[in-house]
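Visitor: As a plain string of letters, each chain reads:
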Amino acid sequence: MVKTGAATSRGAAETDVVVETRNLSKTYRDFWGRRKKVALKPLDLEIRRGEIFGLLGPNGSGKTTTMKLLLGLIFPTSGEAFVFGREATDVTKNERIGYLPEESYLYKFLDAEETLDFYGRLFDMPADERRRRAAALIEMVGLTRDRKRQLREYSKGMTRRIGVAQALINDPELVLLDEPTSGLDPIGTREMKDLIVDLKARGKTVIMCSHLLADVEDVCDRIAVLHQGELKELGRVDDLLRVTGVTQIRANGLSAAAQDEIRSVLARHGAADVEIGNPRTTLEDLFLEVVRDSQARPGRRARASDRETG
Amino acid sequence: MVLEEEIPRFAAWIGPAVIRYLFAGGLVALFAAAIAWCVQAVLHGPLAAGDRVYRGILAGFADLAGMSPRRVWALARLAVQESLRRNVLVVLAVFAVLLLFAGWFLDPGSVNPGKLYLGFILGASNLLVCCVTLLLAVFSLPADMKSRAIQTVTTKPVRTSEIVLGRILGFAGVGTALVALMGLAGWAFVVRSVAHSHDVAADDMVEVTDESGAVTGFTGRTSLDRGHRHRVTLDANGQGVAETGQGHRHSITRVGEGTKATYDVGPADGLLEARRPLRGSLRFLDRDGRPSTKGISVGAEWSYRQYIEGGTPAAAIWTFTGVTPEAFSDGLPLEMIVRVFRTHKGRIEEGIHGTVQLRNPATNLRSEAFPIVAKEFTIDTLLVPRRLGTVLADGEVKEIDLFTDLIADGQVEVWLQCLEPGQYYGVAQADFYLRAGEGSFAFNYAKSCLGIWFAMLVVTALGVMFSTFLAGPVALLAALSVVLIGQFREFIARLFESQVTGDATIVPGGGPIESLYRIATQTSITLELDPTPAVQAMKAFDTVLLAPMRLAAGIFPSLSALGTGTFVAEGFEIPFDLLAAHAAETAGFVLAFLIAGAFFLKAREVAS
Amino acid sequence: MSAGSARSRGSATQWLGLRPATLVTLVALALLLVPLSILAQPADSAGPGGVLARLRSAAGLSQANLGEVDPTGETIRFATLGLKNIAVTLLWDRANHYKKVEDWTNLSATLEQMTKLQPNFYSVWDFQAHNLSYNISVEFDDFRDRYAWVMKGIEFLRQGIALNLREPRLLGRMGWFIGQKIGKSDEKKQFRRLFKADDDFHDRDRPGRTLPERDNWLVAREKYLAAQRLADAGAPLKTTALIFHSEPMMTAINHARALEDDGTFGTTARDAWKLAGDEMRRFAMREIPTSWDVPIRLGLREAEEERAKRIAAELEALLPGQFAALAERKRSALPADQKTALDVQPFERNEQQQQLAAEAETALRVTWPMVAREAPPEARDKAKELARQHVEATETATMIDRYRDIVNFDFWRATCEAEVTEPALRAREKTWEAEREFADAKLQPAKQAFDEAFQAWREVFDASPVLRDDQLTADDIAEIVDRYRKLLEQLDEPFPSPFILQDILDKAGPLDQ
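Protein chains in written order, with the numbering used here: chain Y, 481 to 790; chain U, 73 to 680; chain A, 40 to 552.
Quick caveat, the hints were computed from the structure, so don't treat them as lab data.
Where a beta carbon is used, it is the ideal one built from N, C-alpha and C, also for glycine.
Hints may contain errors.
Stated by the list, open to error - Keeping only pairs whose Cα atoms sit at most 25 Å apart, straight-line, the calculated SDA-like set for lysine to any residue is: (1) Y:K521 / U:R124; (2) A:K139 / U:E77; (3) U:K366 / A:E178; (4) Y:K588 / U:G544; (5) Y:K516 / U:G117; (6) U:K417 / A:T433; (7) Y:K517 / U:L199; (8) A:K123 / U:R124; (9) Y:K588 / U:G245; (10) Y:K516 / U:H116; (11) A:K228 / U:H116; (12) U:K218 / Y:D719; (13) U:K218 / Y:T557; (14) A:K227 / U:G423; (15) U:K218 / Y:L664; (16) A:K423 / A:T433; (17) Y:K628 / U:H116; (18) A:K223 / U:G418; (19) U:K366 / A:E141; (20) Y:K588 / U:R124; (21) Y:K628 / U:Q223; (22) U:K611 / U:I597.
What the hints assert, rightly or not - One-sided and incomplete, this derived list gives chain U residues near chain A with beta-carbon spacing under 8 Å: (23) V183; (24) I424; (25) T427; (26) V616.
Start from the sequences and build out the full structure, keeping to the hints where you can.
Guide: Given below as structure tokens:
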């Protein structure tokens with residue numbers, strides 16, 4: 481059903497699937513094989529080329545688990561995940577992937593150049609290409625002055641930036657960003673968002689997960705809302721945030737009389753509202769609603785199903 | 073030197089060894105696959121488990137095939153950088169301190185200080201290098217897991233085999249540097265430590281005269297230096313040597329006449345040598361002259377040397393092959409160690425006399441008998457000249473040529489016989505050899521450092537392998553256990569045999585539980601326990617405990633077996649065959665640990 | 040209030056950066072250190088120190104009391120990180136292995152390490168020195184090598200002595216090795232010669248020793264005397280005192296005998312025997328502790344017997360005829376069957392009779408205290424006191440007798456007394472001469488020397504009943520006579536009859552062939 485919904489909204493690019501999961505689920509077990517925690521309940525997703533896809537949910541909702549499953553860092557308990565048509569556990573898929581972990585997990589005893597050189601080597605890149613790309617990326621993330629300093633001396637923001645640089649060292653087609661803006665100041669956040677949009681502009685696919693709703697709202701084309709390992713919402717941001725029972729009218733140059741007239745018309749129709757327009761709810765509202773709904777009626781795909789069937 | 077087992081020729085050894093290796097490796101792999109299937113079957117059911125294991129193995133091999141030298145190199149470099157960051161070079165300081173204080177522990181007056189010093193240096197370097205690389209190896213991957221840096225790495229197109237191999241190579245590289253530096257320092261230490269000379273005071277020397285009063289030579293002793301002195305015998309011209317003591321000798325020349333005579337003492341000779349022996353194979357004749365593979369046991373616990381009875385046709389016969397005039401242009405320099413067992417006091421002030429004879433195995437022609445006196449733990453030399461005599465039937469002596477008359481197709485037999493009835497000569501195969509040449513001591517020492525390097529490589533690979541699925545301290549314990557079991561593999565094998573056959577004479581005292589019981593109750597290990605049901609249950613439990621240890625002992629590496637320090641310490645060249653076999657063994661273990669490590673890491677969720 | 044304190048505790052732990060559990064552990068550790076600090080306080084000028092220090096000093100265990108503090112050993116022990124005992128076990132195992140595979144270099148090195156770990160453990164020094172001097176030395180065929188290993192064992196003991204200044208046993212062992220191993224081995228002739236010439240040893244041991252003093256037995260005696268001094272100065276002697284103190288006498292005797300065996304006679308031999316006699320007398324007058332807590336002196340048996348006799352006489356005077364009367368009373372009170380049993384000759388008694396006789400003998404026993412108990416009241420106290428003294432004297436004499444038997448004191452005393460006399464010295468010299476002449480096939484001079492020797496021996500035996508009755512002396516004489524017999528055979532002369540030493544020969548056992 482997700483598939484059909486998505487297919488209708490995207491025409492030409494519908495076969496260009498970058499990521500696909502089928503019944504993907506993950507249960508953590510203890511040493512003796514006993515179930516400890518269901519981290520992800522069967523999930524079906526399809527992410528297409530050129531999309532910015534957001535995974536949204538509170539802490540422990542399964543969004544990072546999903547991302548790790550896609551990266552092959554952990555193995556699915558059941559179901560399958562495919563990236564570029566290959567199984568997620570296949571390392572060769574990594575050739576075309578860039579990954580920015582939540583906190584840049586890098587070797588602190590290397591400096592920026594060494595770091596990029598090291599990861600470049602892991603992509604089997606020849607020396608001159610490594611040098612070229614490393615220089616360009618360091619320039620891009622603005623670390624030129626600090627490129628010879630060991631990462632242990634870097635601030636959080638700088639670490640984040642070198643993290644981004646290493647994620648892009650191979651000019652990936654698919655970029656996975658885990659909480660890309662966490663810990664960044666407003667300017668850093670802005671730059672990160674610009675970067676993400678820029679990546680999309682260059683035809684990359686971006687998957688990001690975040691609990692910072694504003695970020696997701698700003699840049700994502702589509703989002704999936706997860707709560708307690710379950711998919712609660714999935715769709716285009718625009719669609720998800722449109723409040724269909726409400727009309728918003730917003731106009732320039734209306735005279736006071738005209739406004740009064742409109743108001744009277746509205747009043748005649750029994751509307752109590754003063755504002756005219758088709759308002760957007762905020763993502764925060766949506767999110768809280770999903771969480772509330774999920775807690776009230778666990779196990780249900782709450783509003784998304786209502787919306788799509790309705 | 074003692075060679076309890078013959079060193080096989082590498083070409084003959086490698087074939088069966090590879091087959092054994094593949095067999096054992098295959099068994100272990102099958103076993104591992106079976107376990108993996110069982111685990112998966114519990115989680116996902118038998119069919120899915122089969123599928124998963126099959127795909128896992130396939131993917132594993134695909135990974136191995138897809139390895140890139142550049143990635144391995146990058147990871148190895150990273151390991152080196154990490155090591156340097158962990159200040160491994162501190163170990164060099166430890167080594168330096170060890171060398172500084174070695175004098176406290178090593179007695180220069182020991183029987184053979186050269187052997188002692190070399191043993192200490194090689195042992196200490198081996199231990200230090202292995203410890204350091206093992207520590208690096210076991211804590212590296214777990215640290216990466218903990219800091220999650222591994223996640224950034226594994227989301228690159230890196231094969232797990234590359235991660236494992238890169239680490240092995242990186243830490244082994246560090247180890248190589250350590251071996252090289254310690255080897256150099258140790259070499260300087262040993263050479264400096266054993267170099268010494270003595271004085272010979274005129275008062276300590278007396279003239280030796282014959283019946284007519286003519287001076288036939290001088291005898292006396294050197295000064296006491298480094299806890300020893302030598303007896304000196306000089307000929308009438310004042311030329312001679314200080315007798316071999318502590319594994320070396322000095323050349324001595326008398327200068328001047330009468331009371332004003334002084335003596336020039338040369339440096340220690342024979343301490344740091346690398347003899348290149350041509351070894352033969354040994355067989356015996358018993359007291360009735362019948363062929364026998366063994367001599368007589370004189371009841372020693374150690375059955376290394378076999379004995380022949382004096383005054384009987386009993387003989388020890390070595391057959392040497394490859395004896396050519398080109399290799400031995402000056403005759404055959406025979407070197408020998410002959411032990412003695414006396415059944416009566418005999419003449420206390422004289423050694424036991426015997427003869428050495430050469431025999432042509434094809435024509436049965438024998439040379440004259442060269443008289444010898446057993447010198448036991450000192451290597452005795454006998455140069456068999458190219459022109460020598462043979463005793464004809466009428467007792468006349470005829471001159472013959474060594475190579476044309478006594479050696480057939482490069483083959484010659486050396487017969488050792490003891491002349492004194494009631495006294496015995498004891499020999500082992502390695503006790504007689506032809507000194508085919510001199511190797512360089514420095515090169516020999518380097519070769520023995522290579523032995524340390526092998527051990528270091530195995531330990532590193534072992535540590536990395538365990539660190540792919542165990543936390544650092546646990547991996548360390550596991551690796552140490554493997555090393556320990558490997559070290560005692562022969563003992564474990566014998567213990568198991570003893571346990572299974574119930575023959576307490578092989579290893580008295582029983583298995584772990586029984587030993588514990590005996591310690592607790594202060595029961596002697598030789599005392600047989602009453603076979604009560606409890607004791608039998610204990611023994612059965614011990615057998616169950618020992619069985620896996622026995623299996624492990626069959627495949628785990630013995631690090632000390634890779635050591636060749638004894639050769640250097642005893643002054644013998646390390647045979648190429650041995651070195652090649654060790655290299656092959658090392659390669660085998662490293663490859664096995666690499667594959668195992670790669671599979672373990674692949675089967676592991678690095679981000680859980 | 041409680042909330043406030045909880046908060047302040049919370050902030051305190053926060054400030055320390057510790058979790059409460061950790062804090063509790065630390066406090067517990069600190070508390071445990073308090074008794075430790077009291078127990079382990081070291082002794083210093085201000086006081087005797089804590090309990091441990093006092094115990095250590097009472098047991099003579101403190102490092103400073105034991106001997107030199109060895110920095111190497113301390114370092115090694117520290118380096119084992121408390122696994123000393125495991126390390127020691129491994130080292131013993133390795134030492135055994137090296138001994139088995141005849142790797143003497145590593146064996147010596149291992150022994151060295153072992154003693155570094157256990158420098159104050161007597162058995163390590165004793166066992167491994169014995170290993171070197173006895174077990175390893177015989178592995179070598181060349182007597183010079185053997186000697187070198189015997190000396191290694193002795194030098195090993197020297198190290199042990201330096202580290203155990205209050206251990207007389209180690210000095211005793213050194214004396215034993217120097218005496219017995221060098222002086223009684225098959226190679227004693229060679230060993231004694233090498234020992235005399237061993238400048239390195241003597242320079243180390245006591246520079247300036249003269250050539251006669253370099254006799255191994257005399258050096259051994261020096262060691263025993265040093266050990267004795269140590270024991271007398273209060274060092275604990277953890278061995279049988281009787282045998283320990285007999286050693287100076289024994290080494291002196293062995294010295295004199297060795298000289299005579301080497302053919303040294305005249306004043307040298309007499310002086311040696313004089314020395315032996317002096318040592319014997321010193322030993323006889325030395326107080327030896329016994330297992331009855333009453334020390335004895337071996338030389339006082341005769342005196343004690345004398346005393347008992349004197350007291351008995353006094354008692355007899357005090358209570359005339361009482362002793363015999365009591366004995367008579369007891370005899371008459373015996374039951375008939377016991378009497379009959381007693382009348383049967385001891386060897387002819389059957390089992391029952393034996394038992395009856397034994398009972399009878401017990402019943403018949405009369406002692407002075409029994410008599411004193413029945414003394415008239417006016418003499419009773421005095422009699423009781425005298426009777427006690429009598430018991431004491433007889434018991435001491437018996438005890439001395441028993442102790443004398445252990446070290447064969449009577450024989451050695453007789454030996455020392457006899458050998459120093461002119462006839463004995465002559466007997467030894469002539470015997471030696473006779474045997475040398477016989478070995479050189481000078482038959483007539485040999486015969487004459489033998490005859491003179493036997494004459495001298497006769498005088499010796501007539502003067503010393505103890506030697507005359509001694510079995511071993513008889514055996515020695517029989518051996519000499521055997522060679523004499525062979526000499527006579529070669530001379531084709533008959534063995535003299537009656538032979539001058541026939542009574543001695545009759546006592547000798549069959550000759551070893």
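Visitor: Please go over all the hints and tell whether each is borne out by the structure.
Guide: Comparing the hints with the structure gives:
A distance of roughly 21 Å separates the Cα atoms of K521 of chain Y and R124 of chain U; the hinted pair therefore holds under the 25 Å criterion. For a cut-off of 25 Å, the pair hint linking K139 of chain A to E77 of chain U stands: about 17 Å separates their Cα positions. Note on K366 of chain U and E178 of chain A: the hinted pairing holds, with a Cα-Cα distance of about 21 Å set against a maximum of 25 Å. A C-alpha spacing of about 20 Å is found between K588 of chain Y and G544 of chain U, which places the hinted pair at or below 25 Å, so the restraint holds.
The straight-line distance between the Cα atoms of K516 of chain Y and G117 of chain U is roughly 19 Å, inside the 25 Å bound, and the hint therefore holds. The hinted pair formed by K417 of chain U and T433 of chain A fails the criterion: a straight-line CA distance of about 51 Å is larger than 25 Å. With a C-alpha separation of about 45 Å, the suggested pairing of K517 of chain Y with L199 of chain U is violated against the 25 Å cut-off. Between K123 of chain A and R124 of chain U, the direct Cα distance comes to roughly 51 Å. Violation of the 25 Å bound is thereby established for this hinted pair.
A C-alpha spacing of about 22 Å is found between K588 of chain Y and G245 of chain U, which places the hinted pair at or below 25 Å, so the restraint holds. Of the supplied pair hints, the one linking K516 of chain Y and H116 of chain U holds, its CA atoms being roughly 16 Å apart against a limit of 25 Å. For a cut-off of 25 Å, the pair hint linking K228 of chain A to H116 of chain U is broken: about 87 Å separates their Cα positions. Straight-line distance between C-alpha atoms of K218 of chain U and D719 of chain Y comes to about 41 Å, which puts the hinted pair past the 25 Å bound.
Between K218 of chain U and T557 of chain Y the CA atoms are separated by roughly 23 Å; this keeps the pair inside 25 Å, and the hint holds. Our distance criterion of 25 Å between C-alpha atoms is met by K227 of chain A and G423 of chain U, whose separation comes to about 17 Å. The suggested pairing of K218 of chain U with L664 of chain Y holds, with an alpha-carbon distance near 24 Å, which does not exceed 25 Å. The straight-line distance between the Cα atoms of K423 of chain A and T433 of chain A is roughly 15 Å, inside the 25 Å bound, and the hint therefore holds.
Annotation: proposed proximity of K628 of chain Y to H116 of chain U is violated, straight-line Cα distance about 50 Å (limit 25 Å). Proposed proximity of K223 of chain A and G418 of chain U is supported: the alpha carbons are some 17 Å apart, at most 25 Å. Our distance criterion of 25 Å between C-alpha atoms is met by K366 of chain U and E141 of chain A, whose separation comes to about 20 Å. Pair hint K588 of chain Y plus R124 of chain U does not hold up; C-alpha atoms about 37 Å apart against a cutoff of 25 Å.
At most 25 Å may separate the alpha-carbon atoms for a hinted pair to count; K628 of chain Y and Q223 of chain U meet this at roughly 24 Å. Between K611 of chain U and I597 of chain U the alpha-carbon distance is near 14 Å, which keeps this suggested pair within the 25 Å criterion. Interface hint status for V183 of chain U: upheld, as the beta-carbon distance to the closest one in chain A is roughly 5 Å, under 8 Å. With a least beta-carbon distance of about 7 Å to chain A, the hint placing I424 of chain U at the interface is held under the 8 Å criterion.
For T427 of chain U, the interface hint is violated, the least distance from its beta-carbon to any beta-carbon of chain A being 17 Å, above 8 Å. The closest approach between the C-beta of V616 of chain U and any C-beta of chain A is roughly 26 Å, which is over the 8 Å cut-off, so the hint fails.
Checked against the numbered hints listed earlier, the structure breaks hints 6, 7, 8, 11, 12, 17, 20, 25 and 26; every other hint is satisfied.
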